[in-house]
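Start from the sequences and build out the full structure, keeping to the hints where you can.
Residue numbers (my numbering), protein chains in the order written: chain A, 1 to 323; chain B, 1001 to 1436.
Heads up, some of the hints might be wrong.
Said to hold, decoys possible - Label pairs and their calculated CB-CB ranges:
(1) A:S323 to B:Q1353: 56 to 62 Å
(2) B:E1137 to A:N13: 47 to 53 Å
(3) B:N1162 to A:K263: 36 to 42 Å
(4) A:A107 to B:V1048: 54 to 60 Å
Just so you know, these hints were derived from the structure itself, not from any lab. Even for Gly, the Cβ is constructed at its ideal location relative to N, Cα and C.
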Amino acid sequence: MTKHKKTDFQWRNKHLIGLSDLSREEIEFILDTARGFEEISTRSIKKAPALRGKVVVNMFFEDSTRTRNSFTLAAGRLSADVIEFSKSYSSVSKGETLIDTARNLEAMGVDIVVIRHGAGGAPKLLSRSINACVVNAGDGYHEHPTQALLDVYTIRQIKGTLDGLKIGIVGDIAHSRVARSNIYAMTKLGAEVTLIGPPTLMPAQVQKLPVQVSCDLDAVIEKLDVINMLRIQFERLGGNLFPSIREYSHFFGLTVDRMKKAKPDMLVMHPGPINRGLEIESEVADGPRSVILRQVANGLAIRMAVLFLVNQAAAVEAKEQKS
Amino acid sequence: MTNGIRSILIKNGRLIDPANGVDEVADLLITEDKVQKIGRLDNKADTVLDATGRIVSPGLIDLHVHFRQPGDEEEETIASGSAAAVAGGFTSVVCMPNTNPPIDEATGVEFIHRMGRQARKTFIYVMGALTKDRKGEDLAEIGLMAQAGAIGFTDDGAGVQNTAVMLRAMKYASMFGLVVSQHCQDDSLARNGVMNAGYNSTILGLPGIDPLAEEMMLWRDIQLVKKTQVRYHAQHISTAGSVSIIRQAKEEGLPVTCEVTPHHLLLTEEYVRDYDTNYKVNPPLRTLADVEALRRAVQEGLIDALATDHAPHLKSEKELEFLAAPFGIASLECALPLYRKALIDPGLLDWPQMLAMLTWRPARILGVQKGTLAVGDRADVAIIDPDAEWTIDSGRFYSKSHNCPYDGWTVKGRVLQTIVAGELRYSADERSACRS
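Shown next as structure tokens:
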């Protein structure tokens, strides 16, 4: 069913926790698998039987609309049964622990757990505690692998390759899981990544990451082939990491004016949801160089590929244990 | 002995009494709770222990333990903690006041002492809180606690954030001549951090605690020591920067001491890479450069004492997300071989030097006559097989908690017997935390 290149490569990961652990070959294999699934969404009956009889649970401990819907739809298109589970998470609240919750769900015969959690490492903890496949849908500031996969998928779709591309990621890098997964995916696929933002929004020892760092968007924008604008997190204002939204927009907002300095074919990306007029002006977000909605569309194929592959790896593992 | 006087004869051990410069093979006779005789002895005794090839040391002293009573008895009690202590060779320990409720008035001090006497294992000291409810605002009843027997004062687990409050607390406490101790951490810098701030925290996406959080408060406190001349003890220092600050304070002749833990001598932030909460501890595990600086500082004599910061926690709590799990490592029962691994094996210290940091030097910080083994001294003794190899099995700890990152480590050096006030309170033959 999938149309990826014929290679000897075999996908062996029953969990997708992060992209830091994956090789270029593995990342490309997911992207190639996703390409095969893209076609399903164009059919009149948008279904494939790959996960028929399998149960996927969406365990969301943080609010999410697009990621959650995307996973739900992806699992549905592969004919899985989907359980939705939501709970707000606080690191101080007592009660049922994450592991208890997961073990209860597992007792109901869940095959794949898709987890979104406010604490970095929660998916890793889960993968150590249960037998089901674990797919990270975003954990704290750690990783958001499917977001980064759909980002590089979109870039590859339009630019053909990431090799040699110059990509800027703008905003709150310190508290962004999207930024971290993006850095791994993009650099592994051969792009040069520049992180752009005020020093208060850069993580500790950022210079040890395989990236360039700049606090001057105007100075670097002209070189970029792709710009990925991160969402301003309003709650960060409480920590006084930048003085005001006005000042942030002045230095780091993607405005029509600033776009004039950029290459004519620079792609504009955003993981959503966008704050119009803050990190990005409406005309830019809705403009011809924006691929924001294409990212969302591609997210579906990526998530179908990920669910398909982890399930396949689990099946291989189960077979090996039997024999 | 016939006249009802209790006695123990320890034969042929390597008697190391660092305070008195003793390191020789000798017999040691204990009668009642005192050291009676040292030399080549052929006295009869109720109990005769053959210590050939073993070290006979003054009982070890741990300046920093958490026995969780009152309030968290499911994690540890003074009874279970005391049993763990003697299994680790510790004949005296200092309980920290961050219990629930905290030890911030005299009845709490009396309660801890009473439970310690009932447990009848190790000798229990207690530090009282510096401020009411450990909130860093109003002074606790330091004087009444001192009269009730508190051995020092600290808001342990939290540093006193407000400089004026800390200055006032130090001035006030100076009236009683007891040590003032601090968990150095500037919360405005540490914020919600859960591990060392650096490359690893960036990769893991976890909020970090910058070394500056420790160093700023340590530096501040030392300025306050200059003003008050109070005896000041910095708990569990963890960074190379802290070592420099301590060095300077000592060069200036200030009454400043400090301790270091086994984990800050052995483990780095790299161990956190898999989000294993058994490595979540405060101060956090730092970098290799910090570990090396601490080890060198020990060798230089800048560090006064070794202390475990034994911090038991329930498995169910340590199974939480890294962000939510409590800080702490339980290591009282395996501390001695860990110190050996960190300090003796690399050739930084020999046994007498290391035992000094576990006996008379911590005793001096507390201002108590302990940690020595001369005729007439209180008979607190640890008998150690310095080379016995064993595998740490936290499942067999006397401690009620098993949050021990050293589980499964094969280590060298084992406590065989522990004698407290002339009573054999622990013997490895009966049960121990190891499978040989």
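Structure-based check of all given hints:
| no. | hint | verdict |
| --- | --- | --- |
| 1 | A:S323 to B:Q1353: 56 to 62 Å | holds (58 Å) |
| 2 | B:E1137 to A:N13: 47 to 53 Å | holds (52 Å) |
| 3 | B:N1162 to A:K263: 36 to 42 Å | violated (54 Å) |
| 4 | A:A107 to B:V1048: 54 to 60 Å | holds (59 Å) |
Violated hint: 3 only; the structure is consistent with all others.
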